[in-house]
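Peer 1: Using the sequences plus the hints, can you model the full thing?
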Amino acid sequence: MSAAPNDASANPAPTATTPAPAPLRIGLLSFAHTHALAYVRALRDDTSVDLVTTDTGTYDEGTRRGADFARDQGVRYLDSVAEVLDWGPDAVVIASENAEHHELTLAAIQAGAHVLCEKPLALNDAQAREMVQAARDAGVWLMTAYPVRFHSAFAALLARVRAGELGQIISIHGTNNGKMPLAQRSWFTDPERSGGGALMDHVVHVSDLIDELLGEAAEEVYAVTNRILRSEAGRDVETGGVVSVRYPSGAIATIDCSWSVPDHAPNWGGLTLEVHGTAGSMRIDPFAGHLTGYTEHGPAHVAFGADLDARMIAEFLDAVRSSRRPRPDGDVGLRTLAVVTAAQRSAASGLPQPVHTG
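The numbers in the sequence shown follow the numbering used here, run straight up by one, and end at 486.
Bear in mind the hints are in silico, worked out from the structure with no lab data behind them. Computed from a predicted model, the values in this text were never measured in an experiment. Fair warning: there could be bad hints in the mix.
Each pair of labels, with its calculated beta carbon distance range [stated by the list, open to error]:
1) G295 to A148: 43 to 53 Å
2) G426 to R452: 44 to 54 Å
3) A148 to A407: 44 to 54 Å
4) S208 to P482: 36 to 46 Å
5) E211 to G267: 16 to 26 Å
6) A407 to E258: 37 to 47 Å
7) G426 to R264: 41 to 51 Å
8) T382 to G421: 27 to 37 Å
9) G216 to L286: 32 to 42 Å
10) H392 to A287: 31 to 41 Å
11) G267 to E189: 37 to 47 Å
12) G421 to G397: 17 to 27 Å
Here are the simulated DMTMM-like pairs of lysine to aspartate or glutamate, each with C-alpha atoms no more than 20 Å apart in a straight line [what the hints assert, rightly or not]:
13) K307 to D384
14) K307 to D188
15) K307 to D364
16) K307 to D318
17) K307 to D196
18) K307 to D391
The beta carbon of each residue, even a glycine, is placed where N, CA and C say it ideally should be.
Peer 2: Quick look at the structure:
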């Protein structure tokens with residue numbers, strides 16, 4: 129039976145509406161890293177975020193940075209890190225030169241902000257341990273920026289490995305090769321600001337994927353490097369290398385890292401991962417999805433698929449809102465950096481080196 133016009137159920141009394149939560153206050157510290165543009169866009173386009181930015185580090189000639197860059201992207205800009213932290217952010221994203229990660233992270237933690245820090249977490253193991261401990265003591269989250277683990281291909285591989293479909297993992301081979309960052313991000317090739325070359329820039333991404341797949345910290349590393357690429361420029365960092373890693377379970381991994389992609393290539397580079405077990409093998413190529421061709425301006429490369437940086441930012445924001453530990457956290461950043469620092473010691477000594485995470 130339909131309700132009569134004067135039936136109370138037909139016109140329920142108005143109820144109080146739940147007010148929308150206040151926007152998350154997010155500070156982006158520095159535009160120095162190449163990923164800064166993607167982070168700005170992901171945060172700017174999130175209507176639940178109140179974003180302010182600032183810039184740090186050395187500007188390369190001709191690079192649009194600082195207030196000019198912020199104006200181009202339509203985001204608010206403050207003149208210093210201190211001003212951003214005085215603003216009272218809930219969290220910060222650090223996209224600075226590697227040498228600034230430690231200081232900026234500690235400052236943000238002291239201000240009570242959660243932190244998403246660009247990789248590698250720090251220049252050395254001691255700095256990384258201090259950052260992880262400071263976050264733990266302050267009760268804030270520290271996340272390390274590893275976007276590739278948010279690719280659906282890696283998620284599928286991880287699910288199959290954890291389901292035991294490949295059996296016991298025997299060996300893993302990863303590659304991470306790209307262009308040498310010279311024209312607008314020359315700090316990557318300055319050891320004082322970057323902490324190293326291709327080892328520091330590229331090994332950590334693959335180490336993160338292996339760390340998640342195996343669920344155990346690396347035990348020993350042997351590495352060889354060279355400086356053949358652009359040797360005429362007098363570079364003080366390695367431009368190519370191969371890193372062999374042994375894990376407690378007996379699994380072994382090799383990581384091929386280099387800045388070997390030529391400047392005129394239409395794409396920046398790529399990453400692959402092969403996993404071999406007692407019951408099967410799988411290979412992923414997360415950046416294989418693209419269109420290639422030519423335009424009047426030359427070769428063209430148009431990638432398609434999910435925005436991995438945006439997925440990573442979404443994970444960080446959700447962790448902050450939900451008061452849960454983000455993945456990958458600072459401990460992952462500590463373990464993956466330890467693989468790199470062991471590789472640096474091995475390349476210098478010519479001998480295998482233990483991995484120090486404690």
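Peer 1: State for each hint whether it applies.
Peer 2: Cross-check of the supplied hints:
The given range of 43 to 53 Å is respected by G295 and A148, whose C-beta atoms sit roughly 50 Å from each other. Separation of G426 from R452 is about 46 Å and conforms to the stated range, judged on CB atoms against 44 to 54 Å. A hinted range of 44 to 54 Å holds for the C-beta pair A148 and A407, which are about 50 Å apart. Separated by about 41 Å at the C-beta atoms, S208 and P482 satisfy the suggested range of 36 to 46 Å.
Roughly 24 Å separates the CB atoms of E211 and G267, a value that falls within the hinted 16 to 26 Å. Take A407 and E258: their Cβ atoms lie about 42 Å apart, and the range 37 to 47 Å holds. About 50 Å separates the C-beta atoms of G426 and R264, a value consistent with the hinted range of 41 to 51 Å. Remark: the range hint 27 to 37 Å for T382 to G421 is upheld by a beta-carbon distance near 34 Å.
With their beta carbons about 37 Å apart, G216 and L286 fall inside the hinted range of 32 to 42 Å. Distance hint for H392 and A287: a CB-CB separation of about 38 Å, consistent with the stated range 31 to 41 Å. As the Cβ distance of G267 to E189 is approximately 43 Å, the hint placing it in 37 to 47 Å holds. Between G421 and G397 the beta carbons are some 19 Å apart, a value that agrees with the proposed interval 17 to 27 Å.
With a C-alpha separation of about 14 Å, the suggested pair K307 and D384 falls inside the 20 Å cut-off, and the hint holds. Using a Cα cut-off of 20 Å, the hinted pair K307 and D188 holds, with the two alpha carbons roughly 17 Å apart. Restraint check for K307 and D364: the C-alpha separation of about 17 Å stays at or below 20 Å, so the hint holds. Distance restraint check for K307 and D318: the Cα-Cα separation of roughly 16 Å lies within the 20 Å cut-off, and the hinted pair is therefore satisfied.
The suggested pairing of K307 with D196 is violated, with an alpha-carbon distance near 26 Å, which exceeds 20 Å. For the proposed pair K307 and D391, the alpha carbon gap of about 6 Å is at most 20 Å, so the pair holds.
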